[in-house]
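Quick mapping for you: the protein sequence lines, in order, are chains A and B.
Here UniProt numbering is used: the first residue of the first sequence is 1, the next is one more, and so on.
Here UniProt numbering is used: the first residue of the second sequence is 1, the next is one more, and so on.
Source of the hints: derived by calculation from the structure; they are not laboratory data.
A quick note: this is a predicted structure, and the numbers were derived from the prediction, not measured.
Warning: the hint list may mix true and false statements.
Ranges between beta-carbon positions, derived for each pair [stated by the list, open to error]:
hint: 1; chain 1: B; residue 1: Ile-44; chain 2: A; residue 2: Asn-30; range: 26 to 34 Å
hint: 2; chain 1: A; residue 1: Asn-152; chain 2: B; residue 2: Thr-22; range: 54 to 62 Å
hint: 3; chain 1: B; residue 1: Trp-191; chain 2: A; residue 2: Asp-130; range: 41 to 49 Å
Each residue gets a CB set at the ideal place from its N, CA and C atoms; glycine is no exception.
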Amino acid sequence: MNKELEHSFVELLEAHQNIIHKVCRLYTNNYDAHNDLFQEITIQLWRAYPKFRGDAKFSTWMYRVGLNTAITLYRKSKRTINTQDFEGVAFKMTADTYDDTEEQQLKILYKAVHQLNDIEKALIFLYLEDKDYREISETMGISEVNARVKMNRIKTKLKTILNP
Amino acid sequence: MDELELLKKDWNKDTDKYPKLTYNEIYKMILKKSSSIVKWIFIISVLEFIFWTALSLSLKDSESMKRFEQYNAEAVFIPLMVIGYIVLAYFFYLFFKNYKTISATDSTKVLMENILKTRKTVKYYVAFNLVYLVASTVVVLFLELDRDQLVINKAQLAAADGEILKFYAVFIIATVLVLAAAIGILLLFYWLIYGILLKRLNQNYKELKKLEV
Chain A
1 MNKELEHSFV ELLEAHQNII HKVCRLYTNN YDAHNDLFQE ITIQLWRAYP
51 KFRGDAKFST WMYRVGLNTA ITLYRKSKRT INTQDFEGVA FKMTADTYDD
101 TEEQQLKILY KAVHQLNDIE KALIFLYLED KDYREISETM GISEVNARVK
151 MNRIKTKLKT ILNP
Chain B
1 MDELELLKKD WNKDTDKYPK LTYNEIYKMI LKKSSSIVKW IFIISVLEFI
51 FWTALSLSLK DSESMKRFEQ YNAEAVFIPL MVIGYIVLAY FFYLFFKNYK
101 TISATDSTKV LMENILKTRK TVKYYVAFNL VYLVASTVVV LFLELDRDQL
151 VINKAQLAAA DGEILKFYAV FIIATVLVLA AAIGILLLFY WLIYGILLKR
201 LNQNYKELKK LEV
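Chain A extracted, bound-state conformation (with noise of 0.2 Å):
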């Protein structure tokens, strides 16, 4: 493989990895998972790097290669279990400055946000990372409507999992 490919493409995955980390974080629960996964993102994404083309945002490309191998192309038998409280787990809450109801109005989130089915995590996740409607049904492959509806179906699920 060309040496000067493979030089950029670690460069521009090593300036956007958080949003590798993002996806392992939505979508695993402790640390060899989240690892596992950045592996597979990653060799995908340098995969399809031959094809990528600059006229598409490498976040973008990023966003709809790392949530197609989280959603559809991962596979590993020791994959999560989703009652686990990630938040614990890998990272720790820098909540400092957080008072102590919201930061546990947030741990309770997190934890009902994992406990959401791959697609629905796909499409907060979206939504989070300040998508618009139009992206989202782009890297869905759903239609605009269909996101927006589906969306306001997983708030008032979270709405639920928070109420109960």
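Chain A is already provided as a structure; the job is to place chain B on it using the hints.
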């Protein structure tokens, strides 16, 4: 929704909490091999093609096949074989064509559809093989009863005892049972492998499709 806004704020707040991989760590990763389900489907599919081809080749050289040669039934066997190979070539081409279209840069839905389509090609090939297996068995059974000297002798003995119907019944039922057992084992095998491999994909695809209703 207030809660979601709160979540969004926190989500984008500080990104320092994520591990920071170095250039070298990432570089090492791209040298590693993928363990995606597409790779598994590819491996299993190729094994299936090999399995069915090997099966037909090994049957061709077997003892029983040599016995069939005395039946003078080339007019039946050769077309059966040619059909088998043409179908194999066709499915193999289709399988590769579909496999090549699988791309992680497609939308989630298109990616899933392409994977399922690739998988379906192999499924149809297996279905064809099962039908082919049944059809060939019926042909062979008919030829055996009609032309195999050993079988004919036994049939004549049975007929002398007035048990010709029983003889045919046993012969046919035994064949059907063996065939059913073989197909049963194969189907169970497929059901297990693909059931495990595609469970999540099928679930997620259903979930996506549900959005369109």
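- Message: Need the list of violated hint numbers for this structure, in ascending order.
- Response: 2
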